[in-house]
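Can you make the complete structure from the sequences, with help from the hints?
Next come the chains, spelled out residue by residue.
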Amino acid sequence: MSHEVLQNVWYLLIGVLITGYAILDGFDLGVGVLSPFVARNDRERRLLLNAIGPFWDGNEVWLLTAGGTLFAAFPHVYATVFSGFYLALMLLLFALIVRAVSFEFRSKVESKGWRRVWDWVFFVGSFLPALLTGVAVGNVVRGVPLDAQMEFTGSVFTLLNPFSLLVGLTGLVMFLAHGAIYLMVKTNGAVAERAKRWAVTGWIALVVLAVLTTFVAVMDVPARFDNYLRAPIAWVVPLLTAIFLAAMRVNLGQGKAGKAFLFSALSIAGLMGIFGLANYPYLLPARNAVEYGLTIYNASASRNTLTVMFIIALIGMPLVIAYTAYIYYVFRGKARVEEGGY
Amino acid sequence: MAAEFGRQPWVVYGLLKTQDAVSVVVPAWQILLTIILFAVVYALLLALLIYLLKREFDHGPESEQAAPGAPMGKEVTA
Chain A
1 MSHEVLQNVW YLLIGVLITG YAILDGFDLG VGVLSPFVAR NDRERRLLLN AIGPFWDGNE
61 VWLLTAGGTL FAAFPHVYAT VFSGFYLALM LLLFALIVRA VSFEFRSKVE SKGWRRVWDW
121 VFFVGSFLPA LLTGVAVGNV VRGVPLDAQM EFTGSVFTLL NPFSLLVGLT GLVMFLAHGA
181 IYLMVKTNGA VAERAKRWAV TGWIALVVLA VLTTFVAVMD VPARFDNYLR APIAWVVPLL
241 TAIFLAAMRV NLGQGKAGKA FLFSALSIAG LMGIFGLANY PYLLPARNAV EYGLTIYNAS
301 ASRNTLTVMF IIALIGMPLV IAYTAYIYYV FRGKARVEEG GY
Chain B
1 MAAEFGRQPW VVYGLLKTQD AVSVVVPAWQ ILLTIILFAV VYALLLALLI YLLKREFDHG
61 PESEQAAPGA PMGKEVTA
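Keeping their order, the protein sequence lines are chains A and B.
The numbers in the numbering used here rise by one with no breaks, and the one at position 270 of the first sequence is 270.
The numbers in the numbering used here rise by one with no breaks, and the one at position 18 of the second sequence is 18.
The hints are simulated quantities; they were obtained by calculation from the structure and are not laboratory data.
Backbone N, C-alpha and C fix where the C-beta goes; we use that ideal spot for every residue, glycine too.
Some hints here could point you the wrong way.
Partial chain A-side listing against chain B, Cβ under 7 Å, derived [to be verified]:
#	residue
1	83
2	84
3	86
4	90
5	108
6	151
7	152
In silico lysine-lysine, DSS-like type, Cα no more than 27 Å apart, as pairs [stated by the list, open to error]:
#	chain 1	residue 1	chain 2	residue 2
8	A	108	B	54
9	A	112	B	54
10	A	334	A	108
Now the structure itself:
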């Protein structure tokens with residue numbers, strides 16, 4: 001394959017990894033954000049942990065893979081983002097560290113105070129990643145200040161602009177609705193009923209915020225719509241996304257949790273697709289000068305690296321998809337609270 | 001530690017020096033701040049781990065260790 005084809009293939013594959021992360025870790029982050037509102041007693045809180053217990057760490061691996069892949073395929077983007085967004089990424093990392101620990105430590109001591117602390121850690125450790133991943137996407141859409149050496153010239157406050165926070169909020173409600181529908185699938189009774197109310201509210205918030213984000217993006221960064229004007233076939237993706245979102249709501253109304261979850265996952269994929277098409281071929285656009293932007297062409301690794309990585313991905317990705325599918329199969333059905341669980 | 005110190009001044013031995021690999025846009029205070037935070041978080045996690053392990057050890061094994069025929073859930077003295 002030519003270098004150019006490989007660069008495009010890797011843009012797509014990194015998109016697949018980030019979308020996979022949003023769909024998979026999205027629901028367990030959503031469950032964490034919902035935990036103080038959906039679970040009312042110790043048993044219900046343990047039920048929530050058991051519902052995502054076998055899956056959450058495998059889901060998080062998709063984020064690591066996306067980061068690792070970015071390092072190997074587009075090292076200039078990795079260098080710019082991980083240096084420029086240093087404090088923001090460290091905040092995300094610390095949130096994920098304490099969240100992971102909260103799963104393991106919470107039920108080890110039968111003390112109300114001990115468990116309340118870990119419940120709180122679990123909530124904050126879920127809330128921050130659920131918000132910050134969207135803020136990151138917002139900045140990648142909006143563009144960040146870069147210089148001719150591909151270095152980020154802003155500060156952590158540059159990243160916390162109103163538009164990116166709006167995208168962060170959109171991501172948060174997207175994960176919240178997704179997590180709520182997941183709980184409808186995995187639980188019964190009062191928890192499932194409360195989850196359904198959150199799913200419906202989350203869906204409304206998601207639709208309103210997604211439309212609002214689109215309008216603000218048209219005003220703020222019109223260049224991001226060039227691809228849609230140049231290639232009208234691209235409109236298939238937003239159209240499909242609208243259909244998926246509608247199907248998600250219809251199935252929610254009919255109480256078909258499994259189908260609603262499928263369409264929630266497809267809606268997330270659709271929204272990520274809209275974002276990927278809008279930004280192409282930019283991995284990180286420059287807000288100050290178009291020519292400083294990092295594209296799949298000026299930021300990629302050599303043809304050899306991309307070729308070797310492509311072969312590894314062809315072998316590795318089916319394996320990951322297979323073991324992921326197997327784990328979901330083994331732990332199918334409703335979650336229970338029992339000895340040996342969380 | 002031995003590997004990290006022994007490799008200096010290289011970050012990739014013979015290819016890339018640490019001084020050339022460092023991020024130019026990350027201020028020193030941010031590095032110091034995160035090193036302190038990592039130290040605090042890991043020290044805290046170690047302390048919690050020791051506390052939980054000690055609890056487990058003091059508590060002793062569960063009743064499945066009881067001698068055959070002994071009533072379930074009752075302590076068996078050795």
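Now for the hints, and whether the structure bears them out:
1. At about 4 Å, the closest approach between the beta carbon of residue 83 of chain A and any beta carbon in chain B falls short of 7 Å, and the interface hint on this residue holds.
2. Look at residue 84 of chain A: its Cβ gets to within about 6 Å of chain B, closer than 7 Å, so that hint holds up.
3. Look at residue 86 of chain A: its Cβ gets to within about 5 Å of chain B, closer than 7 Å, so that hint holds up.
4. Of the supplied interface hints, the one on residue 90 of chain A holds, with its beta-carbon coming within about 5 Å of a beta-carbon of chain B, less than 7 Å.
5. Annotation: interface hint on residue 108 of chain A holds; nearest CB of chain B at approximately 5 Å, less than 7 Å.
6. Taking 7 Å as the C-beta cut-off, the interface hint given for residue 151 of chain A holds, the closest approach to chain B being about 5 Å.
7. Taking 7 Å as the C-beta cut-off, the interface hint given for residue 152 of chain A holds, the closest approach to chain B being about 6 Å.
8. For the hint pairing residue 108 of chain A with residue 54 of chain B, the CA-to-CA distance comes to about 12 Å; that is within 27 Å, so the pair holds.
9. For the given pair, residue 112 of chain A sits about 20 Å from residue 54 of chain B by alpha-carbon distance, which is consistent with the 27 Å threshold.
10. Note on residue 334 of chain A and residue 108 of chain A: the hinted pairing holds, with a Cα-Cα distance of about 23 Å set against a maximum of 27 Å.
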